[in-house]
Amino acid sequence: MPDERIPFATHADHTVLGADEIVLNMGPQHPSTHGVLRVKLRLDGEKVIGSECVIGYLHRGVEKIAEHRSYQQFAPYVDRMDYVAAVSNGLGYCEAVEKLLGAEAPPRARVIRTILTELQRIASHLFWLGTHALDIGALTPLFYCLREREEILKIFEKFCGARLTTHAFRIGGLQYEAYDELEKDVERFCTPFDKRVDEYESLLTENRIWVGRTKGIGILTAKEAIDYGASGPVLRASGVKWDIRKAMPYAAYDQYKFEIPTGKNGDTYDRYIVRMEEMRQSRLICLQAIENIPAGPIMGKVGKVLKPPPGEVYHAIEAPKGELGYYIISDGTTQPYRVRIRPPSLINLEAFDKMIRGHLVADVVAIIGTLDIVLGEVDR
Amino acid sequence: MANDPEEKQPSASSPSEPSGAKTPAAGGEPASKPPAPPAAPAAPAAKPPAAPGAPAAKPPAAPVPSRPPAPPKEGPVALENDLVKRYKEKFGPAILEAWTDRKQAILVVARELLAEIALYSRDDEKFDWLSDLTAVDWPKRENRFDVVLNMYSFEKNERLRLKAQASADERVPSVQGIWSTANWMEREVYDMFGVVFEGHPDLKRILLPDEWQGFPLRKDYDILTQDTAWVRENLGIESGQ
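Sequence lines, in order, name chains A and B. Residue numbers for the first sequence follow the working numbering, so the first one is 1 and each next one is one higher. Residue numbers for the second sequence follow the working numbering, so the first one is 381 and each next one is one higher.
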């Protein structure tokens, strides 16, 4: 067995490849890679003894684009990174620019932002659950998950007219006032939703095949998770109780009570349990938030032309996939000097090689699924 | 540790009531908002340099006075606290500058000692999580690149940013051995800026094709620039088509 620290490329060299080893290329067009991820696997029989992710097929250079757009013009672009959680991307960007400006969204806007972002977290987790289960061979949950996700997308559509790439927020607050029925719609979705999560769990949690395919697969210890910079559910499933919503509250999270679910073993099963619990917690946040949406303006005073004072800011939020950070440098003009986006998907994916070694080819799709990556965000 | 924001960059959303008493600000944003307005009037008036006041919302400006060495504007403010002292004691002249910007602590360190300082940060100062590593291009400067490390400490619930400057042909010590996560981040910096990391085990492009020529995030790389030869050869079209 080769030394784990030696990069894959060295092994791929034919002179080093063992007589009974082969290199298998998976993707970029493969239904289980959730987009255009290509993985080179070095196999000994069915056992994976090395891997290398090849990414960049969806690279659009959003960081370069940002330098050539005004602050407001760039906002819609961020929706196209993690396109199953566009609302969260927008929240992070708007708050980062607000921080840079020294401005702040009014309380009403922040509460509405919180509600929509939590709904987006549920939608993102639902989509993850459906596709992840599908990859492993459980077809049924997908239909239920997409049914519920549809309800959330309908709320987004009513709120801002778009379902996927919403551009729901603006720098300084919101453009759209909440529609009249928003609270009712959210309540109608949330009230029965915990039963729905129970339903999904009844399909999977104690299902022997599911347990067999996920328990002990892709273990990441807390120390490794920190070393690999993992964040979000991947980090929490390894037992690190850390959530930016609690540690450095933003939007209106400091007003609500919720728990941070954590796992013990850091395997695929724990990540599944953590995300299921997170959906329940998000539901609780939504229910608390709709009870008291403060009245008042929805837009802070930010002016039409944004010229943040020179300087820089790093602002991170807890996106459904992990820490989504924006590092923005202003030179005092209307366009950012530099925008760096810290994509949780990319950095969680980095631990893939660590997680897959020693497992079987069939586990590759389980581990890609459990990392919950979106290639739009990996490649930007 | 989770819930007690501390100086520097405590609450993520405290941007506006920044300088305000840190902890309070973090605690109840919305709650702290109402009280702020009274002071606010002063802020807009002080619009000139008071950056926060500029396009800012009302409350932001208010807190500013509360910081003793009230800076004339939002932006870099020299930082001199225990943390910086400890770093200076340990590394002396290698700590070139220290300041805070939007309440976030930034240290500029000597490039040669970047890895040592990162290791010290991880082990002694407990900034054990590297959240981000990136670079910035300042073409007019002698050392045109800033390599920027954003670290986070679970124990202190704080962030710290390290910066090291490098010219186009200077190598930057890799921190890949300190945080495995830096592997891909350094590859991305190499890919986009052409900064070479000394000691990186597998430094190659990550997002762009291996044969691509040029480093797109450099400021002298125009947004419409492409590697025309690569595009012609691999895509069979003329660039820009």
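These are computed hints drawn from the structure, not numbers from a lab. Careful, some of the hints might be misleading.
As the list claims (entries may be wrong) - Heads up, simulated EDC-like pairs for lysine to aspartate or glutamate below, C-alpha to C-alpha not over 20 Å straight-line:
#	chain 1	residue 1	chain 2	residue 2
1	A	Lys223	B	Asp600
2	A	Lys158	A	Glu201
3	A	Lys64	B	Asp600
4	A	Lys241	B	Glu535
5	B	Lys599	A	Glu67
6	B	Lys506	A	Glu291
7	B	Lys599	A	Asp185
8	B	Lys520	A	Asp185
* What hints, given by number in increasing order, does this structure fail? -> 1, 2, 6, 7, 8
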